[in-house]
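Please model the complete structure; the sequences and the hints are all you need to start from.
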Amino acid sequence: MGESNRGDILTVSNLHHTYLQGTPLAQPALFGVNLVIPAGSCVAIIGHTGSGKSTLIQHFNGLLRPQMGEVVVNGARLSNPQVDIRAIRQQVGLVFQNPEDQIFERLVGDDIAYGPLKQGIPLSEVVQRAKWAMGVVGLDFDEMKNRSTFAMSGGEKRKVALAGVLVLRPQILVLDEPTAGLDPRSRRDLLRRIRDLNRSEGLTVVFVSHNMEEVAYLADTVYVLAAGHIAFHGTPRELFGALDERPDLQVGAPPGVEILRALHSRGYHVDTTRFTVPEVAEEVAAAASGQRGPAAAAEPPSGDLSAPPTAWEGPAHRREPDGRHPHAHAEDRGDAHGR
Amino acid sequence: MEKQIGFTVRRIVVAGVLSAIAILLGFTRWGYIPVPTPAGNATIMHIPVIIGSIMEGWPVGTVIGFIFGLSSFVGADVPFFKDPLVSVLPRLFIGIVSWLVFVGIRRWNVYAAIGVAGFMGSATNTILVLGMAVLRGYLAFGPALVTAVANGLPEAIVSVLITLAVVSAWMRIDRKGRRSKLDVD
Amino acid sequence: MRTVVAGATSPATAGAAGNANGEWPAEGRRIHSCVAKGSSMKPLIEVNQISFSYGQGPSQSVAAFTDVSLRVYPGEYVAVIGQNGSGKSTLAKHLNGILTPTRGDVWVAGMNTKDASCKQQIRRCVGMVFQSPDNQLVATIVEDDVAFGLENLGVPPGEMQERIDEALEAVGMSEYRHRPPHFLSGGQKQRVAIAGILAMRPDCLVLDEATSMLDSFGRAEILAVVRRLNQQGMAIVTITHHMSEVAEADRVLVMHEGRVALEGTPRELFAHPDQLEALGLDVPEASRVAQQVHARIPAFRRDAISVEEVVAEVDRLAGSGGERRHG
Amino acid sequence: MAGDFELTRNITIGQYLPTGSVIHRMDPRLKLLAAALWILSISLCHTYLGNVAGLCVCLALFALARIPLSYGLSGLKPAIPFILILAILQLLFYGNGYGPSGQVYFHWGILRITSASVRVVVVSTLRFVEIIFAVSVLTLSTSITELTHGVEGLLRPLGRMKVPVHAFALIVTIAVRFVPTFAMEMEKMMKAQASRGAEFGTGSWWNIARRTRDVFPLIIPLFNTALVRAEELALAMEARGYVPGQARTAYRRYRAGGRDIVMFLAGMALSAALVFAPFPF
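Residue numbers (the numbering used here), protein chains in the order written: chain H, 279 to 617; chain W, 252 to 436; chain C, 38 to 364; chain G, 1130 to 1410.
Do not take every clue at face value.
Taking lysine to aspartate or glutamate pairs in the EDC-like style, the calculated list, with each CA pair at most 16 Å apart, reads [claimed, not checked]:
no.: 1; chain 1: W; residue 1: 432; chain 2: H; residue 2: 421
no.: 2; chain 1: C; residue 1: 79; chain 2: C; residue 2: 240
no.: 3; chain 1: G; residue 1: 1317; chain 2: H; residue 2: 378
no.: 4; chain 1: W; residue 1: 432; chain 2: H; residue 2: 420
no.: 5; chain 1: H; residue 1: 396; chain 2: G; residue 2: 1328
no.: 6; chain 1: G; residue 1: 1317; chain 2: H; residue 2: 455
no.: 7; chain 1: C; residue 1: 156; chain 2: G; residue 2: 1367
no.: 8; chain 1: C; residue 1: 130; chain 2: C; residue 2: 142
no.: 9; chain 1: H; residue 1: 396; chain 2: G; residue 2: 1343
no.: 10; chain 1: C; residue 1: 151; chain 2: G; residue 2: 1367
no.: 11; chain 1: H; residue 1: 409; chain 2: W; residue 2: 434
no.: 12; chain 1: H; residue 1: 409; chain 2: H; residue 2: 421
no.: 13; chain 1: G; residue 1: 1317; chain 2: H; residue 2: 454
no.: 14; chain 1: C; residue 1: 130; chain 2: C; residue 2: 83
no.: 15; chain 1: C; residue 1: 130; chain 2: G; residue 2: 1367
no.: 16; chain 1: C; residue 1: 130; chain 2: G; residue 2: 1360
no.: 17; chain 1: W; residue 1: 432; chain 2: H; residue 2: 403
no.: 18; chain 1: C; residue 1: 156; chain 2: C; residue 2: 142
no.: 19; chain 1: G; residue 1: 1317; chain 2: G; residue 2: 1328
no.: 20; chain 1: H; residue 1: 409; chain 2: H; residue 2: 420
no.: 21; chain 1: C; residue 1: 130; chain 2: G; residue 2: 1361
no.: 22; chain 1: C; residue 1: 151; chain 2: C; residue 2: 83
no.: 23; chain 1: G; residue 1: 1206; chain 2: W; residue 2: 328
No wet-lab data here; the hints were simulated from the structure.
Here it is as structure tokens:
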């Protein structure tokens, strides 16, 4: 957590927040949160209802200002009352959980254009940006721009909400439970698009999720928030490997990891840091055929990550070469074993 | 099923949620549009009453009006609203007037009927409340008239716009083929 | 698309009692195993080839679903799964007469849902929990909300207290009884909604996408409550698009574009991931793992659907190599 | 600035202050009825002395309810500018109005200050203070749930006369139930809009057009979601066996004890006295 390299686009240090501070109804929500988000990374924040995660993400774009501690976005300190908050909100795009609460125009096109038009951006550029944003989330510009926002499915609404934020051209995208309530197909589609945004467009993504399959699929770094402080920080691999020793995190593992943990606790020497379906199947197969000797380390991941179309495709870490990954060493799976 | 009179489940819930909005608007500053007059700010808290009576009939409008009246009575900062005859009684008529206007005009043009009902409902609120304030001796006629124009006019305009937007979308008589601002080609 | 799986693995076609009466549409053999528990009993809910369309007039009506049949026996756990727009939620609203079919009949405990005079009894028999936790609580205090249904049924005030206590206990919300609903989490509100139904002592609980607006913790809370109720003998019909909720059901109906596309036990369904995928549905991860292991080790059963079953299967196969285990 | 969005946490409907006094413990139906009668008689009383007496009774109520008077005064504070403006306007113009104008104290141009206008100013100011106090005692001593139960209980007997009172009670309950829900929804919408570049409360307050335009993208979705909620709520209520107009039993039963009745009768007597007693001036 101490690393503060040049590539950090957002840092939170020793952040405290208390609702209704100074009144008898004061409710403390955050106690000294520290968090570093490197540019271009994809960070998951996991936490129970009431863990303070929504309070935390509202600090990222200045909806809440630090009462104590500091939030720095691209070098701008949010505790400074003089900071240009509209610029911050343009850099940090925040998508809330419920799309109903963030779509307020009658027509899809108008809703997506709301932000840039408020900023006074010329219409021709707004149109260009909207085309781009809608394309990225998978909405057809010509077909959708004049559609009513009432007559949309849950998945479409979420895409409109996402496009309405992307059109601001943020550098950091913050998503609160981006897939809650979606059916599997829309969910997969949306997750793939978010991943593409992160991997191809280089957008920094921070998302809140309870779904460990999703975390495994998207995130390269995970923060677990519990009772207002960071209780765990590491890669998904490290998290899933540590669950046995850290029941306090109250994080449910993906079912594949559950299988490996159950096998591990029954004495099989399986590698509990593996979590994609092909990896888990490989471990299970090894265990079932009695190959999992006590000293055997896991084999390197097989190149064959082509799961059936339903599966989450492959592990979520392939970006070490550029060196931005904060925990590249953890990918060395031999050392993660048995932590 | 369509022919049911009295309070159907639907009418009860619509009256309930619209009353909730009327109360909420009163408790947040969003119910007010600041206009400096003796009656304080212009208000949009009566719009749920109008919407309720257009959508579900005058009894629903009257009930919402009553609840709106009570909440404005309890929460009033302006002295004469602490008189139930000013804050509650006139509000009972907003629903009836807007419903009558709506029913009267809708055979020609539903869209226009909603708009005019929005205007007349708002005007009813302004005229009856201020009229009652004059009758009860809180306001002289002159200031009341000034207030009626300064507050009543913006209230009525906002009321027309919101009522139209909400009711027409709900009745699905939205003008078809609306074009987004982005539709520039 | 009207996928019906040719009964490659269908173990129990003989048990499909409906076939004899010609009640199942003759569109091919289904993966359909008859209910083990209660097949001899009378069905609690009997849905006979119903269709439903929205809107009036043949010109502008939109079919929500066509030719759907379904029986729910006392104590059974049935899941209806499908994508958004597959007609599953509209079907749910037929099970207690909120909607009545355009064609065909729905019988609840021998009463036709079209019979207005039976409405109250049908509602007492089949309780329904809806999607949004906020939009089904009426009262300003938890216990008053639980009482709402009892007041409607005309339950004598003396009896109410006991029923309310019991219902709140069953969902684990007793300590919140004096709270206003807006201080509760989504999962807690949904538990209160279930308590409101339980207090009416129904024979069947229908969950109409009751978990889809909850986070995974809220969902786990609800599933635990539902499992317990089913174990105590209550029939459950759950409408969902979460495959993980389907694994516990006795029987699953897959709806697609207004028709029943697949039907069978969860195990039978999960054995056909390609078909489910074509219907836009997912297979639980444990099941996918089992299938991939099966591809490597043919002796490994491919139809394991839960974490426990996969682990048990490993134990079975590795049992011989026990010296490798150090535990 | 940050506090701008924390709507939910600042909204309390009702301001219940439990002290366990006799007023708090009074049957909410009788309390509500007595309060309504008392407020009505205050607004019907036009004499100086009567209103002074009424004010004394209101102060006594605070003592009886063991609620510090500061709570009543804090309700009064925001109203002071309005009271002043109104008093000045009335003093200056009311003398030209209708009705007996009485003795003229001051006359210049169109301005006439008469005994009648002085009376209007003093009486309406006093009346305002009395009603604020009376309402404060009621809301501070009765929780919002008790209030809705009180309304329902009061109206229940009317149901036999084919008045849809149960429907009304249910509407009030639903309204109270949904205020916090809508408040949270509004907070979320404001935050979502702020995140997309909207600025709330930065427009100058005299910039009416600007402030009004800000309101639309909040109010219209609020109505829309409310109506969607209403549809779902109607379904849920039907699924729980609610049939409008049908006889229902009641979970909450209030039984007015002797003390409740005595207090209510005392309230009635005071109300009657305020209206009918021949106050000399």
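- Satisfaction of hint between residue 83/C and residue 130/C, Cα-Cα up to 16 Å: holds (14 Å)
- Message: Hint check: residue 151/C vs residue 1367/G, CA-CA at most 16 Å. Holds or violated?
- Response: Holds. Residue 151/C to residue 1367/G sits at ~15 Å (cutoff 16 Å).
- Item | Agreement of residue 1317/G and residue 454/H with the hint, judged by alpha carbon distance not exceeding 16 Å | holds (12 Å)
- Item | 16 Å Cα cutoff - pair residue 130/C, residue 1361/G | Answer holds: residue 130/C to residue 1361/G is near 12 Å, not above 16 Å.
- Item | Agreement of residue 432/W and residue 420/H with the hint, judged by alpha carbon distance not exceeding 16 Å | Cα-Cα ~13 Å, so holds.
- Query: If you draw a straight line from the CA of residue 156/C to the CA of residue 1367/G, is it 16 Å or shorter?
  - Reply: Roughly 10 Å separates the two Cα atoms, so the pair holds.
- Holds or violated: are the alpha carbons of residue 409/H and residue 434/W at most 16 Å from each other? holds (11 Å)
- Task: Would you mind confirming whether the straight-line C-alpha gap from residue 151/C to residue 83/C stays at or under 16 Å?
- Result: With Cα atoms ~13 Å apart, residue 151/C and residue 83/C stay inside 16 Å; holds.
- Query: Quick one, are residue 432/W and residue 421/H close enough, alpha carbons at most 16 Å?
  - Reply: holds (14 Å)
- Message: Tell me if the straight-line CA distance from residue 130/C to residue 1360/G falls inside 16 Å.
- Response: holds (14 Å)
- Does residue 396/H pair with residue 1328/G here, judged by a C-alpha cut-off of 16 Å? Distance of about 9 Å is within 16 Å: holds.
- Pair hint outcome, residue 130/C versus residue 142/C [Cα-Cα no greater than 16 Å]: Roughly 13 Å separates the two Cα atoms, so the pair holds.
When the structure is compared with the earlier hints, no violation turns up for any of them.
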